[in-house]
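Q: Spelled out, the chains give:
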Amino acid sequence: GDSVTQMEGPVTLSEEAFLTINCTYTATGYPSLFWYVQYPGEGLQLLLKATKADDKGSNKGFEATYRKETTSFHLEKGSVQVSDSAVYFCALTEPTSGTYKYIFGTGTRLKVLA
Amino acid sequence: DAGITQSPRHKVTETGTPVTLRCHQTENHRYMYWYRQDPGHGLRLIHYSYGVKDTDKGEVSDGYSVSRSKTEDFLLTLESATSSQTSVYFCAISVQDNYGYTFGSGTRLTVV
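First to last, the protein sequences are chains A and B. Residue numbering for the first sequence is 1 to 114, as defined by the working numbering. Residue numbering for the second sequence is 115 to 226, as defined by the working numbering.
A couple of the hints might just be wrong.
Stated by the list, open to error - Sample of chain B residues facing chain A (criterion: CB under 7 Å; computed from the structure):
1. GLY117
2. TYR145
3. LEU157
4. SER208
5. GLY214
6. PHE217
7. GLY218
8. SER219
9. GLY220
To be verified - Taking CB as the label site, the calculated pair distances span:
10. A:GLU15 <-> B:GLY130: 47 to 57 Å
11. B:GLU128 <-> A:THR96: 16 to 26 Å
12. A:GLU16 <-> B:GLY130: 51 to 61 Å
13. A:GLY61 <-> B:LYS167: 35 to 45 Å
14. B:VAL209 <-> A:GLN81: 24 to 34 Å
15. A:PHE18 <-> B:THR224: 38 to 48 Å
16. A:ASP54 <-> B:GLY130: 45 to 55 Å
17. B:PRO132 <-> A:GLU76: 40 to 50 Å
18. B:SER219 <-> A:ARG67: 28 to 38 Å
19. B:SER183 <-> A:THR96: 43 to 53 Å
Read the hints as simulated data drawn from the structure, not as lab findings. Idealized CB from N, CA, C, for every residue including glycine.
Take the sequences, apply the hints, and build the full model.
A: As structure tokens, this is what we get:
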């Protein structure tokens, strides 16, 4: 079945450092890919998405490119801030399934130090 | 989040008791989902609904049941709570596949 694998956390960075959080996937069809962010005590919020190969999703300085050849959707940000400290989840859905179910990775905690 | 609310936000219950969690949406979306979040597992789908009285199981449905008698409400029931069901439960709604989910704020359930 479909699956999502994320790098283990926590990731600890200094403010203004470059961020990469790795995400790879396994899918039988042509999935859409997503990154969600969860701040402490809150639900998950959609951060960005990409629906086909080579698409780049971007939001709030974060970017991720849908790489079909490497089945990856790595999250990047050029200069992190303390306010980016959160848990980040990679997810996929198969649009042709008709169920709109999403499969999530286990999450990667990011801690940014001032 | 605007348009979707979960209740209660926190609950402590005893082993063996039934518990019902409620998810309410004001968006009139057809699809609703219940997930549980546990360390090391991310989010796992318990049950989902694709319309009034139309529900189906997810990957971790044992010990849980759901009901959807109105478009706006999706109830999750733990028939006889166990300590392994201590978790944070999230409800989500979906417009369609490529739009992503909107999540509720979660219910933290502790079974003692």
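Q: Look at each hint and say if it fits the structure.
A: Structure-based check of each hint:
1. GLY117: Check failed: Cβ of B:GLY117 comes no nearer than 12 Å to chain A, outside 7 Å.
2. TYR145: holds, 5 Å
3. LEU157: With Cβ-Cβ at 4 Å, under 7 Å, it holds.
4. SER208: holds, 4 Å
5. GLY214: Because about 4 Å separates B:GLY214 from the closest Cβ in chain A, which is inside the 7 Å limit, the hint holds.
6. PHE217: holds, 4 Å
7. GLY218: Hint on B:GLY218: holds, closest Cβ of chain A at ~6 Å, below 7 Å.
8. SER219: The hint holds - B:SER219 has a Cβ within 7 Å of chain A, the shortest such distance being about 5 Å.
9. GLY220: Status holds, d = 5 Å.
10. A:GLU15 <-> B:GLY130: 47 to 57 Å: holds, 49 Å
11. B:GLU128 <-> A:THR96: 16 to 26 Å: violated, 44 Å
12. A:GLU16 <-> B:GLY130: 51 to 61 Å: For A:GLU16 and B:GLY130 the Cβ distance comes to about 52 Å; the hint holds.
13. A:GLY61 <-> B:LYS167: 35 to 45 Å: holds, 44 Å
14. B:VAL209 <-> A:GLN81: 24 to 34 Å: holds, 30 Å
15. A:PHE18 <-> B:THR224: 38 to 48 Å: holds, 39 Å
16. A:ASP54 <-> B:GLY130: 45 to 55 Å: holds, 53 Å
17. B:PRO132 <-> A:GLU76: 40 to 50 Å: holds, 46 Å
18. B:SER219 <-> A:ARG67: 28 to 38 Å: holds, 33 Å
19. B:SER183 <-> A:THR96: 43 to 53 Å: Violated - the Cβ-Cβ distance for B:SER183 and A:THR96, about 30 Å, lies outside 43 to 53 Å.
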